[in-house]
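Could you put together the complete structure from these sequences and hints?
Which chain is which? The protein sequence lines are A and B, in order. Read in order, the letters of the first sequence correspond to residues 18 to 400 in the numbering used here. Read in order, the letters of the second sequence correspond to residues 18 to 400 in the numbering used here.
Copies of the same chain are indistinguishable here, so a pair counts whether it falls within one copy or spans any two.
With a straight-line Cα cutoff of 27 Å, these simulated BS3-like cross-link-like pairs (lysine-lysine) come out:
| id | residue 1 | residue 2 |
| --- | --- | --- |
| 1 | Lys340 | Lys99 |
| 2 | Lys245 | Lys340 |
| 3 | Lys120 | Lys99 |
| 4 | Lys99 | Lys245 |
| 5 | Lys99 | Lys315 |
| 6 | Lys120 | Lys315 |
| 7 | Lys315 | Lys340 |
| 8 | Lys114 | Lys99 |
| 9 | Lys340 | Lys120 |
Don't read these hints as lab results, they were simulated from the structure.
2 protein chains.
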Amino acid sequence: MFTPGPTPLPDSVREILERPALHHRTAEFQTVLARTTAGLMRIFQTRQPVMTVTGSGTAAMEAVLVNLARPGETVAVLNAGKFGERWHAIARAYGLKVVEHTKAWGTAFTAGDVAAFLEEDGREASILFMTHSETSTGTLHELERITGVARERGKLVAADVVTSLGVHPVEFDRWGLAAAVCGSQKGLMLPPGLGFVVMSGVGWERAQGGGLPRFYLDLVRMRNSLNKNSTPFTPSVPLVLALEESIRLLEDEGLSAVHARHARHAAACRAAVGALGLDLFSERPSNGLTAIRVPEGKDGQEVVTRLREEHGMRVAGGQEPMKGRLFRLGHMGHYRDDDIRDLVAALETTLVDLGWARAGGARDAAERALAGEAESASQSTTT
Amino acid sequence: MFTPGPTPLPDSVREILERPALHHRTAEFQTVLARTTAGLMRIFQTRQPVMTVTGSGTAAMEAVLVNLARPGETVAVLNAGKFGERWHAIARAYGLKVVEHTKAWGTAFTAGDVAAFLEEDGREASILFMTHSETSTGTLHELERITGVARERGKLVAADVVTSLGVHPVEFDRWGLAAAVCGSQKGLMLPPGLGFVVMSGVGWERAQGGGLPRFYLDLVRMRNSLNKNSTPFTPSVPLVLALEESIRLLEDEGLSAVHARHARHAAACRAAVGALGLDLFSERPSNGLTAIRVPEGKDGQEVVTRLREEHGMRVAGGQEPMKGRLFRLGHMGHYRDDDIRDLVAALETTLVDLGWARAGGARDAAERALAGEAESASQSTTT
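Laid out in structure tokens, this is it:
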């Protein structure tokens, strides 16, 4: 499986999932929850508690929005893909006024873009909602710099780091984020079913002082329970137990090494794409996935189908409105160099068979990138 | 584990949980989702689609409320325990006016109570929210009859069947319910992490015509996706795969046989309690759990602790405000007669050791009930 989430499960994570049921109101579970919370705080690089929500990443996004935003207020959204769009849709569902800065799918927002937007259309908004790694286009937006210019203009920044956490550095406190959300089935190497939310002190003040109507997604209630190492509602126990293991795996490897591994794997995929004469879809690619532009007149779904049928490999096509026009290789989470070698080899065979590329070069290019040559060093520190 | 949820996991369910990751946008997953939806429809006894929500039972309750209710309207709630209270709390979180019929914990609502309430305080409400099996007190409210009197008075009935589905018959269509919700970790023998929602045609009209602000819990969006055998957001894949197996287990045994087994197990526990000279907490006990009143001057937590430490059995204490004043034996889900025999034997030993009961009689009483004597036959058809 090489999809940008769900991602493969390490064996030790799978073993935990099949354990007999454990009750959530026990000292044993409370100890695990305390450990996973502390581990998530290290991964988000924050001193704020990280809330674990039973739900998808979208539930975590909605939790942030309904706890941070005030009824009727104007919020700003950066939208250059499906997940930027989602912030907009959630805000509209709650009757908020949305001012949006849109760019074409595949392009990246720059700090300059955002500064100009916040001084014009975004002037009245107090919160900026954005995506760090846009999974629909494979683009990494420069979250750290954008947060800087937004803060200079008095804005809070809430970021979707669903496909960047555990892939690229995310330094919640140092960057001055107001909120960030993630899901379990990406860099954290778990099945889907959990969302994670962290908020700054200012974020908590807003949540405590009001917010929009909510019950299940009330972060204040979650935090009060978490102070007693508990959850307000029955959590998805097996996933929380497995989370302890996936955090252990990440920390045993070392977060910097995990980021560097993702950078090497991404560099290998990008190098292979270049050697095959194809173009990346994104102007600023994420290390979590590689989106490849489909040549004019071809259908990207063919690559997806062939890789599945002939190589047993699952990659992702494009999402609306890019269906058929791009395909996406996921390499976030639990991958080894050999997995990437297999992927590149299968991709080369497939694209040559389809007549989209000529044989030769892709594997060597990938190998050089895996060895740490090419662009990997510089990409590993991109945020 | 003898807690009223989470309940023990069958081995075949656990095996599925540890399978390698499966992507949710695949024909394979879509086929499973179509099957689990059809299976849930048979279990809820409805022709309406049953929505699967990644979240707890509370998320499913909130989904019903925000899709059914209209901004600012008055809703009616029956509250004689923690989960009746929860309907009230969710409604208040969305600014609804709540008229409530409360009764003491441990008592049961009757159709007569509810008729009188709906003709007085509940007059203006168009929806009645209630609990079928109240887990905090072990009480089964007469949902079928109450729904009948509410419908005669023009009210929609939304019921929490979290600890009754798969335990007692729930006949969604025939009883004329407007909505019902369940969770995965009870009679459905799964880990927590999924909620289930079903709505009647009238319920869907209300949801489509408005409802309260929501995004993740928007049932209309879920239904549109379900029409394509899909979900709007990433579902908790392993739990859905395991659900297919737990439905198979229930249907292989036969729903009536499953209900009868729960009735026998409940009758055995109640007979043992009587033989031990203790009182049931509830005046109309659910077959999903047995709540036992703690004798005056004693602390129910002692029973919970002794059963855990000396017998390795986990039962539940009382929830606020009944902490210490009752304890609860869960017997919903995957239990065999021998499990109940072990539970009764351990309970007798523990209560004799504590000086709350005299030895002798409990096991025989339980055995007679397991053999189908005593009250089991009549209880098996109580709804």
